[in-house]
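Colleague: Let chain Y serve as the given structure and place chains S, L, V, H and P on it in line with the hints.
Number of protein chains: 6
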Amino acid sequence: MFSITVRDHFMVAHSFTGEVFGPAQRLHGATFVVDATFRRTELDGDNIVIDIGLAGAKLKSICGALSYRNLDDEPDFKGVNTSTEYLAKVIADRLAQAITGGDMGASAAEITGISITLRESHIAWATYERTL
Amino acid sequence: MFSITVRDHFMVAHSFTGEVFGPAQRLHGATFVVDATFRRTELDGDNIVIDIGLAGAKLKSICGALSYRNLDDEPDFKGVNTSTEYLAKVIADRLAQAITGGDMGASAAEITGISITLRESHIAWATYERTL
Amino acid sequence: MFSITVRDHFMVAHSFTGEVFGPAQRLHGATFVVDATFRRTELDGDNIVIDIGLAGAKLKSICGALSYRNLDDEPDFKGVNTSTEYLAKVIADRLAQAITGGDMGASAAEITGISITLRESHIAWATYERTL
Amino acid sequence: MFSITVRDHFMVAHSFTGEVFGPAQRLHGATFVVDATFRRTELDGDNIVIDIGLAGAKLKSICGALSYRNLDDEPDFKGVNTSTEYLAKVIADRLAQAITGGDMGASAAEITGISITLRESHIAWATYERTL
Amino acid sequence: MFSITVRDHFMVAHSFTGEVFGPAQRLHGATFVVDATFRRTELDGDNIVIDIGLAGAKLKSICGALSYRNLDDEPDFKGVNTSTEYLAKVIADRLAQAITGGDMGASAAEITGISITLRESHIAWATYERTL
Amino acid sequence: MFSITVRDHFMVAHSFTGEVFGPAQRLHGATFVVDATFRRTELDGDNIVIDIGLAGAKLKSICGALSYRNLDDEPDFKGVNTSTEYLAKVIADRLAQAITGGDMGASAAEITGISITLRESHIAWATYERTL
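Protein chains in written order, with the numbering used here: chain Y, 41 to 172; chain S, 41 to 172; chain L, 41 to 172; chain V, 41 to 172; chain H, 41 to 172; chain P, 41 to 172.
These aren't lab readings, by the way, just hints derived from the structure by calculation.
Any given hint could be a false lead.
Identical chains share a label here; the pair holds if one copy fits it or two copies do between them.
Claimed, not checked - In silico SDA-like links for lysine to any residue, alpha-carbon gap of 20 angstroms or less:
#1 Lys118 x Leu67
#2 Lys100 x Ala164
#3 Lys100 x Arg47
#4 Lys118 x Asp86
#5 Lys129 x Ser55
For reference, chain Y alone in the conformation it holds in the complex (with noise of 0.2 angstroms):
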């Protein structure tokens, strides 16, 4: 099994509701440094993943999309908790999107799975692991 991860970053505020959270609740903000890996069985014909230039630039528009917002007021989370471990979902979601839609070339296709880690901070962060 071989993979390929790249890196990119976004920052949003945002609050959470539930008792759960603390002083989370209140309105605060976030660095998210996302880890984006593709897996494949087998490597393609030019002996990689897939085209991390390709793979790069749209992890970082969607990173784009999100950053320098405060996610409460994004109709797409509206009256949700958008969790590090719930955001890792979003972007692995629209990253296998990107994929299946054709957008990150043609050997994409045989991209068996993706992880999104997001670090929230230099001693915690969340995985969402999905299969394509």
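Modeller: Okay, now just chains S, L, V, H and P, sitting in the frame of chain Y:
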């Protein structure tokens, strides 16, 4: 599959028995930076894997019970080689016990796996993974 | 010259005023990982720069007073661009006040300088240095 | 499941063939920081996964045989795109050969899997995993 | 004293002349992760050291002009040992020229110093510092 | 001003005397990741600060002489609190002695300063700087 990870550390003295350990047979020490990962299939109603506050506090408590000690003198480890990989299992099992014992909140009951990585230096680390 | 550094972090929402900030004029947020460095010429009688327990606790208290907040709403920062470099100075000055106020132990009186680095992502950080 | 990981690095020149590589079709170079992970189900009688001294020495030897070279000129890689993901497999296979050849100690016979991560920068890396 | 730092990277082939370089006399390569630090005494009217957008874009442009090349073939470096420390100076001087040439905004005129760190691996890096 | 830095590590047991150390008065241990920085005004004729091979080998030798030991039992440290900041000075002074003794090559004579950072965990480190 979702996971979250929290990081803490502890600092211990110990020695090893067995020729394979070379100079590490002498009494020496280590800082172990601990990454504790909790896994579950779906998020709970708050959109989280586990109460990260409780998870971090429990990990700190487990690290505190090990730290600033000579493991060679601890009853739990008499005659045991407290290797990095072995200590990873000790911490995983103690966290698993906390979860099954109900110390980490009701939603922790859905945790299906734990993995613990102990970093002993910038060039060496060990991981232990288990199910729940 | 000796120094010791301790690390902590805080998570805030804020917005900036001024065209130079581009999309960061919108309400967004950041995790700031804080490295607080204390300097002195010679070590004290215990062979240390400062009581690292007190230094870490004070840094945690200062970070806690900032964290999980929207800085735009904080009286201390009304009408102020709470840039990374500005916040570095805020933390340095609060630590300096703690030292001169005697909150960090007698031997802290020999501290001659503080520098604070705030990391806002894996690719950007700011530092403020001052004397005491 | 237990694993241990050791880190080393190598520095090479190479070029790629294929439009997908864009400017990387030109002769350029990379530092590859290598994380080699060895897995087994249970620890051996010494409470370890593998002799970490032997594992680190073997990894250093494999990195040394690649380092300070232009891979385009190496007989092993003639006409091959030595991508990060491909080089991860090269190292995994050489370590696997060392294990099955008995070069890494008797207890290494219980190793069931290897994974190799090659970091080419702070924002991109590749992994290859295989069984033994 | 305030500073901000931005990070980027470039990937090159090169070789060195001189016995001191040992095997690095052969054509090989490196990834250089670049940290560019800008210093000034007081913040500007926006509470910043420099327009971080312009600083990051200029650093990316300078890295781009070096990357995916064999430095041995570049006219700028004919007969020069492009060591890590030397390349740090090249980048610092190019950034200084951009500042004095007015490419990085009016407020950049108050920058008093630049330092460039080039990381060539997880265990080696070089820094060059200069005034403006 | 130019500098280069090399990284190594050592693993020791020790205890501290003095109430300020709290639980660290007990016998415990640490991994110290060591960053050794060498400074000079201008590069030598080979465009380097120092022979990085010799510098790394000397640092490894100094770390090796400390590692896998209980510092409380070492004659050099009898009755001494081997704090992180103190150990940084020990290593700096040993490297300085190697330079002035001619062990690190002729061009090392131009080194004007050394600084040593010892990282004891992901959240604490100490630095000692000296001239030559």
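Colleague: Please work out whether the CA atoms of Lys129 and Ser55 approach to 20 angstroms or closer within one copy, between two copies, in both situations, or in neither?
Modeller: within (18 angstroms within a copy, 27 angstroms between copies)
Colleague: How would you classify Lys118 and Leu67 at a CA-CA limit of 20 angstroms: within, between, both, or neither?
Modeller: both (14 angstroms within a copy, 16 angstroms between copies)
Colleague: At most 20 angstroms between C-alpha atoms: does Lys100 with Arg47 qualify within a copy, between copies, both, or neither?
Modeller: both (9 angstroms within a copy, 16 angstroms between copies)
Colleague: I want to check one pair: Lys118 and Asp86. Are their C-alpha atoms no more than 20 angstroms apart within a copy, between two copies, both, or neither?
Modeller: between (43 angstroms within a copy, 14 angstroms between copies)
Colleague: How do Lys100 and Ala164 come out at 20 angstroms by Cα distance, when the copy is not named: within, between, both, or neither?
Modeller: between (22 angstroms within a copy, 13 angstroms between copies)
In this structure, none of the earlier numbered hints is contradicted; all agree with it.
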